[in-house]
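S.K.: Sequence:
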Amino acid sequence: MWACNAGVPMAVLAMDDATRVGKRPFFTTHEELLEEEYYDEQAPEKKRRLTAEQVQLLERSFEEENKLEPERKTELARRLGMAPRQVAVWFQNRRARWKTKQLETDYDRLKAAYNALAADHQGLLADNDSLRAQVATSSPCFVSTVICLTEKLQGKETSLSATIAAQEVDQPNEHTTGTEKLLAQQLKDDLHSSCGCTGHGALSSEEEDGGVVSDEGCNFDLPDAMFAVGVTNHGAEEAQLANWTSWFWN
DNA sequence: TTGTGTTTTATTGCCTCC
DNA sequence: GGAGGCAATAAAACACAA
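Note that the UniProt record's numbering has the first sequence beginning at 1, numbered continuously upward.
By construction, these hints were calculated from the structure, which means they are not laboratory data.
No residue lacks a Cβ here, since even glycine has one placed at the ideal position from N, Cα and C.
Honestly, I wouldn't trust all of these hints.
In silico DSSO-like pairs for lysine-lysine, Cα to Cα no more than 27 Å straight-line [said to hold, decoys possible]:
| hint | residue 1 | residue 2 |
| --- | --- | --- |
| 1 | 111 | 99 |
| 2 | 47 | 73 |
| 3 | 99 | 47 |
| 4 | 101 | 67 |
| 5 | 111 | 101 |
| 6 | 99 | 67 |
| 7 | 101 | 73 |
| 8 | 47 | 101 |
| 9 | 67 | 47 |
| 10 | 73 | 99 |
Just the calculated beta-carbon pair ranges, DEER-fashion [claimed, not checked]:
| hint | residue 1 | residue 2 | range |
| --- | --- | --- | --- |
| 11 | 104 | 52 | 23 to 29 Å |
| 12 | 67 | 124 | 42 to 48 Å |
| 13 | 72 | 114 | 36 to 42 Å |
| 14 | 66 | 118 | 32 to 38 Å |
| 15 | 121 | 99 | 31 to 37 Å |
| 16 | 70 | 115 | 43 to 49 Å |
| 17 | 92 | 129 | 51 to 57 Å |
| 18 | 124 | 64 | 43 to 49 Å |
| 19 | 53 | 110 | 33 to 39 Å |
| 20 | 85 | 120 | 49 to 55 Å |
| 21 | 105 | 133 | 40 to 46 Å |
| 22 | 88 | 121 | 47 to 53 Å |
Build out the structure end to end from the sequences listed, making use of the hints.
M.R.: Shown next as C-alpha cells:
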C-alpha cells in the first residue's frame, strides 16, 4: 500500500535500494507521501525494507522515547522520507519487539532467582536431615522418651485426677506446690524406667536394638521444667508435649 | 536452487481515552 | 466518534543449510 511505482520521481532515495539491481526505489517525496490520494492511486506494491540509515535514526528516536507524539511522527517522517503512518507502524512493531525482549530478560532473571532459592532450600533440607540423624544417633533414648511421654500423659489423666482430689482433701491450701513436686518426680521416674534407661549415661548399640538397659543407662535427660506439670494447667503441658512430638516426627 | 525458519513491514480488529 | 495503542496475523524479505 505504501510502496511506490516505478518511475515515480524520487527525492529521498533509499540508498540500499538504489544500489540494488533491478529494484525500484521505495520512497518518493515527502509531499507525495503525505497525500492520501497518492497511495489510493498507486497499484499495490510489494513491501520494501527500510534502509540502514532510516532504521538507525528510528532506533535513536525510539531510545529517546518509545511513544510517538504527532509532532515527532511528522518530523521523523519528513526527515526520513517516509509516510507518517509508516513511522507509526515502525514504532508499533518496535514496541512489540521491545516487549518480547523484556519478557525474555525478566524470565531469565526470575529463573536464576528461583534456581538460587531452590538450591538454598535443598541445602536447608540436607542440614535438617543431618541434624535429625544426629539427634537420633547421639540420644536414642530421646525417641523412646517422646513416645513414652505421649503415652504417659494420656494414661496419667485418670490417676492425676484421683491423686489431686486426695491431696486437696488432706491439704486444701498447699496442693499446688506439693502436688506438682510429687507428680513431676513420679512422671520423670516412670518415663525413664518405661523407656528402658536410668536417665543418665548412654545405651550401647545392642541395647538400642533390643531395648536392654545397661548400667550406664541413657545419656539423654529431659529438663526438669518439662516435668513440672502444674496441677491446674497440665492440659497446657500436654499441648506443649504434643508440639514437641510433632516437631520431632515431622 | 530450494526448502525452511526468522525477521521485518503492514493490516485488521478490538479496546481505551479524550 | 475519532485517534492511537496493542495483539494477532499475513506476507514479503532475508538468511542459511543441504
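S.K.: Run every hint past the structure and note whether it holds.
M.R.: Status of each hint after checking the structure:
Among the hinted pairs, residue 111 with residue 99 is consistent with the structure: their alpha-carbon atoms are about 18 Å apart, no more than 27 Å. Proposed proximity of residue 47 and residue 73 is supported: the alpha carbons are some 20 Å apart, at most 27 Å. A hinted pair counts as satisfied when its Cα atoms are at most 27 Å apart, and residue 99 with residue 47 qualifies at roughly 24 Å. With a CA separation close to 17 Å, the supplied pair residue 101 and residue 67 stays within the 27 Å bound.
Using a Cα cut-off of 27 Å, the hinted pair residue 111 and residue 101 holds, with the two alpha carbons roughly 15 Å apart. The straight-line distance between the Cα atoms of residue 99 and residue 67 is roughly 13 Å, inside the 27 Å bound, and the hint therefore holds. With a C-alpha separation of about 24 Å, the suggested pair residue 101 and residue 73 falls inside the 27 Å cut-off, and the hint holds. For the given pair, residue 47 sits about 25 Å from residue 101 by alpha-carbon distance, which is consistent with the 27 Å threshold.
Only pairs whose Cα atoms come within 27 Å are accepted, and residue 67 paired with residue 47 is accepted, the gap being roughly 24 Å. Between residue 73 and residue 99 the CA atoms are separated by roughly 21 Å; this keeps the pair inside 27 Å, and the hint holds. Checking the proposed 23 to 29 Å range against residue 104 and residue 52 shows it holds: the Cβ atoms sit about 25 Å from each other. Under the hint 42 to 48 Å, the C-beta atoms of residue 67 and residue 124, about 46 Å apart, fit the expected range.
Taking the beta carbon of each, residue 72 and residue 114 are about 40 Å apart, inside 36 to 42 Å as hinted. About 35 Å separates the C-beta atoms of residue 66 and residue 118, a value consistent with the hinted range of 32 to 38 Å. For residue 121 and residue 99, the Cβ-Cβ distance of about 32 Å falls inside the hinted range of 31 to 37 Å, so the restraint holds. The hinted range of 43 to 49 Å is satisfied by residue 70 and residue 115, whose Cβ atoms lie roughly 46 Å apart.
Taken as a hint, the range 51 to 57 Å holds for the pair residue 92 and residue 129, whose Cβ atoms sit roughly 55 Å apart. Range check, residue 124 to residue 64: Cβ separation about 48 Å, and the 43 to 49 Å hint holds. As the Cβ distance of residue 53 to residue 110 is approximately 38 Å, the hint placing it in 33 to 39 Å holds. The hint said 49 to 55 Å for the Cβ distance between residue 85 and residue 120, and at roughly 53 Å that hint holds.
About 43 Å separates the C-beta atoms of residue 105 and residue 133, a value consistent with the hinted range of 40 to 46 Å. Between residue 88 and residue 121, the C-beta spacing of about 49 Å keeps the proposed range 47 to 53 Å intact.
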